[in-house]
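Chains A and B supply the protein sequences, listed in that same order. Heads up: the first sequence begins at 123 in our numbering, then just goes up one per residue. Heads up: the second sequence begins at 123 in our numbering, then just goes up one per residue.
Bear in mind the hints are in silico, worked out from the structure with no lab data behind them.
Pairs involving identical chains hold if they fit within one copy or between any two copies, as the list cannot separate such chains.
Capping the alpha-carbon separation at 25 Å, the derived lysine to any residue pairs in SDA-like fashion look like this:
#	residue 1	residue 2
1	LYS157	ASN347
2	LYS157	ALA178
3	LYS157	SER194
4	LYS157	PRO256
5	LYS157	GLU170
There are 2 protein chains.
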Amino acid sequence: MHKDTTDLPTGNAPPAASPQPRRARLREAAFTEIKAIARRRLVEQGAEGVSLRAIAREMGMTAPALYRYFASLNDLLLSLQADFFAELSAWITDANTGVPEEDVDGRLLASLRAFRSWALANRAEFALLFGPRPPHQPSGPHEEAALREGQRFASTFLTLFNRLLEEDRIPLPDSGSFTPELCRQLEQFARSAGIAGRHSEGELRVLTACWVRLYGLVCMEVFHNMVFGPDDMEPLFEAELADLLASVGVRYRPPEG
Amino acid sequence: MHKDTTDLPTGNAPPAASPQPRRARLREAAFTEIKAIARRRLVEQGAEGVSLRAIAREMGMTAPALYRYFASLNDLLLSLQADFFAELSAWITDANTGVPEEDVDGRLLASLRAFRSWALANRAEFALLFGPRPPHQPSGPHEEAALREGQRFASTFLTLFNRLLEEDRIPLPDSGSFTPELCRQLEQFARSAGIAGRHSEGELRVLTACWVRLYGLVCMEVFHNMVFGPDDMEPLFEAELADLLASVGVRYRPPEG
DNA sequence: ATGCCGGAGTTAACGGTGTTTGCTAACATT
DNA sequence: AATGTTAGCAAACACCGTTAACTCCGGCAT
Chain A
123 MHKDTTDLPT GNAPPAASPQ PRRARLREAA FTEIKAIARR RLVEQGAEGV
173 SLRAIAREMG MTAPALYRYF ASLNDLLLSL QADFFAELSA WITDANTGVP
223 EEDVDGRLLA SLRAFRSWAL ANRAEFALLF GPRPPHQPSG PHEEAALREG
273 QRFASTFLTL FNRLLEEDRI PLPDSGSFTP ELCRQLEQFA RSAGIAGRHS
323 EGELRVLTAC WVRLYGLVCM EVFHNMVFGP DDMEPLFEAE LADLLASVGV
373 RYRPPEG
Chain B
123 MHKDTTDLPT GNAPPAASPQ PRRARLREAA FTEIKAIARR RLVEQGAEGV
173 SLRAIAREMG MTAPALYRYF ASLNDLLLSL QADFFAELSA WITDANTGVP
223 EEDVDGRLLA SLRAFRSWAL ANRAEFALLF GPRPPHQPSG PHEEAALREG
273 QRFASTFLTL FNRLLEEDRI PLPDSGSFTP ELCRQLEQFA RSAGIAGRHS
323 EGELRVLTAC WVRLYGLVCM EVFHNMVFGP DDMEPLFEAE LADLLASVGV
373 RYRPPEG
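Could you build the full structure based on these sequences and the hints that come with them?
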């Protein structure tokens, strides 16, 4: 590498005049164009189809130029991960607009369905976020961004249950029966999700259980391994959703559409 | 391709003398050596580390020679998938030796734990079987073998519940409340798992629910995405296992070890 | 206005990959 | 012994990630 000048885009571009940003704007535009093309190729051809040379070719450039923007191919993928996590978070919170603040059940239903709908509408992106990771590739500066957005997603997702927990409607398991190892794992989970110290062990236990079930349900549908053909399995999702919600004291409602 | 002579190994080698098999034995040996090296590389370096050139180099051959055995790299991976499915099936049934035939609870517990233990001991293999698939790679003659073994695994897995169902201990959901779409999906699931026509809709509903939960639990642990550090999450698995088993009327028992 | 510096982009190169084509040489069969 | 089959080879094509050295031009300070 020439220098270590793969600066990250600021994200919050100051609305200054034109003197400085001229250069910066072009750089920002290049960033977004690279990522847009990378995403399209990811969707069309899977993770293997994302190659620096192909992206550069499509932009009318040569591959080494991209190293001005990303430290490596893996770094680009990490940057995409960060974007996807942010998009998923926004998608879920957006699904709650229109649902009244007091309708806790409705908000939870909408959020869980939104998670699934985003995953189905963005299968390749979902696979990149939640699929198996190859062992420790040469990472880059965007690794922490991906981690940060991932944590932010986990946090916003789990916060959905806060109102529910406050209302004491969830039948909490007897935390006295938890093994010490389980408690330690639950604490670690809370830490990695950015909600450390805010919940009791019983609450964490319920949160993880819900998350695991939702994750499994959606993974099975998105990766569509060994089960069900190409057509969607919404009925099973809804049925499982009802069962899952019953375990947290939320009464199921069928989707509106 | 020169010809279409990528014959599959017979598997059941006839114990004939030496005239014919001389050639066939060498071929069989080459097959297994290729797959052994491929698996080692898969484990050590992930799916990306499996390359025909590297395998050939390691065998003291050149890459094109491997096309005498596999139609493509993807075909080799499919062949590995078939082997892994068979190994996983055997691993699960082996876990039941030593558990008396009448101890239905014990057999189920042992089987579910065996699924997890195989996945943890063979993370890369598990990811190949149950991880996301890239869209329609150029497949090969081993595709149907992989599919067949996958079905066989699904069948053996779901058959575990047969005794349980016969004893009518599982509280079945009211199948009258199922939507027609759900019933259709359940039938399709049974068909793709090779157990079509053998169970009622209520039973299929319970089977899929169990499978989805186990799948999600193990996927989350193996792909270790966004949750938990490197250390194992057995306590959570056992806790979820207890909860899952309770839903099918099986009383939980802690592992022996 | 001049000079300079740094960033964006280039070409060339190294080593790696899947895959195809045509060939040789050993084997099996007749 | 002549035949046909088959495993393996070398060469080639088209890709890939990554590095190094170089050019060029815009923005900045003198």
